Amino acid sequence: MPLKIIENFDSSFTLDPEAKESLFGLLKNEAFLQQVAEQVKCQQVEFTELLFQPVPYSAATPKGMPAEFEPYYQSPEHAIINVPPNFMFKAKIFNPSRLCAIYRKIG
Numbered sequence: 001m002p003l004k005i006i007e008n009f010d011s012s013f014t015l016d017p018e019a020k021e022s023l024f025g026l027l028k029n030e031a032f033l034q035q036v037a038e039q040v041k042c043q044q045v046e047f048t049e050l051l052f053q054p055v056p057y058s059a060a061t062p063k064g065m066p067a068e069f070e071p072y073y074q075s076p077e078h079a080i081i082n083v084p085p086n087f088m089f090k091a092k093i094f095n096p097s098r099l100c101a102i103y104r105k106i107g
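As numbered in the numbering used here, residues 1 to 107 make up the sequence shown, in order.
Derived by calculation from the structure, the hints in this document are not laboratory data.
None of these values were measured; they are calculated from a predicted model.
Even for Gly, the Cβ is constructed at its ideal location relative to N, Cα and C.
Treat each hint with caution, since some may be false.
Straight line, CA to CA, 20 Å or less: simulated DMTMM-like cross-link-like pairs of lysine to aspartate or glutamate [claimed, not checked]:
hint	residue 1	residue 2
1	K92	D16
2	K92	E18
3	K41	E30
4	K63	E77
5	K90	E30
6	K28	E18
7	K90	E49
8	K20	E49
9	K105	E18
10	K28	E38
11	K105	E49
12	K105	E38
13	K90	E18
14	K92	E21
15	K105	E77
16	K105	E70
17	K28	E77
18	K105	E30
19	K20	E30
20	K41	E77
21	K20	E46
22	K90	D16
23	K92	E49
24	K28	E49
25	K90	E21
26	K28	E46
27	K28	D16
Derived CB-CB ranges, DEER-like [as the list claims (entries may be wrong)]:
hint	residue 1	residue 2	range
28	F94	K41	12 to 22 Å
29	P71	I106	30 to 40 Å
30	E30	A59	35 to 45 Å
All chains should be modelled from the sequences, with the hints used to inform the complete structure.
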């Protein structure tokens, strides 16, 4: 079975304001922030309110993310996580099916 090479992938999306508010509340929950901080081995983290949809790997997107987010991937002051599927479900976000969130490391 040959591989299908995707030249362009539209990673843009918009969230319903209520769904966005619900999701941000979950991503800013103190217990979840502590869990993320433990995983990335720092004192605490802060949600930057930046989200992106993962994209297929290509020559233009070698990290699997839109190019404008790659500086965060390379930054030691930031962490990128997959938004937990149960958060997406609780916030009633079904499209896109996957999102990544960017956190700032503190301490």
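CA of K20 to CA of E46, is that 20 Å or under? Holds, because 17 Å separates the two Cα atoms, which is no more than 20 Å.
Can you confirm whether the C-alpha distance between K28 and E46 stays at or below 20 Å? holds (8 Å)
For the pair we were handed, K41 and E77, check the Cα-Cα distance against 20 Å. holds (12 Å)
K92 and E21: Cα distance at most 20 Å? Measuring from Cα to Cα gives roughly 11 Å; hence the hint holds.
Pair hint K28 and D16, alpha-carbon separation not exceeding 20 Å: Holds: K28 and D16 sit about 18 Å apart, inside 20 Å.
Decide if the proposed pair is consistent with the structure: K90 and E49, CA atoms, cutoff 20 Å inclusive. It holds: about 18 Å lies between the C-alpha atoms, which stays within 20 Å.
Would you mind confirming whether the straight-line C-alpha gap from K92 to E18 stays at or under 20 Å? Status holds; Cα separation ~9 Å.
Starting from K20, check that the Cα of E49 is at most 20 Å away, please. holds (10 Å)
Is the distance from the Cβ of F94 to the Cβ of K41 consistent with 12 to 22 Å? violated (33 Å)
Would the pair K63 and E77 pass a check requiring their Cα atoms to be no farther apart than 20 Å? holds (18 Å)
Would you mind confirming whether the straight-line C-alpha gap from K90 to E18 stays at or under 20 Å? holds (11 Å)
Given the hint that K90 pairs with E30, does the C-alpha gap stay at or below 20 Å? holds (17 Å)
Figure legend: structure checked against the earlier numbered hints; hints not met, in rising order: 9, 28, 29.
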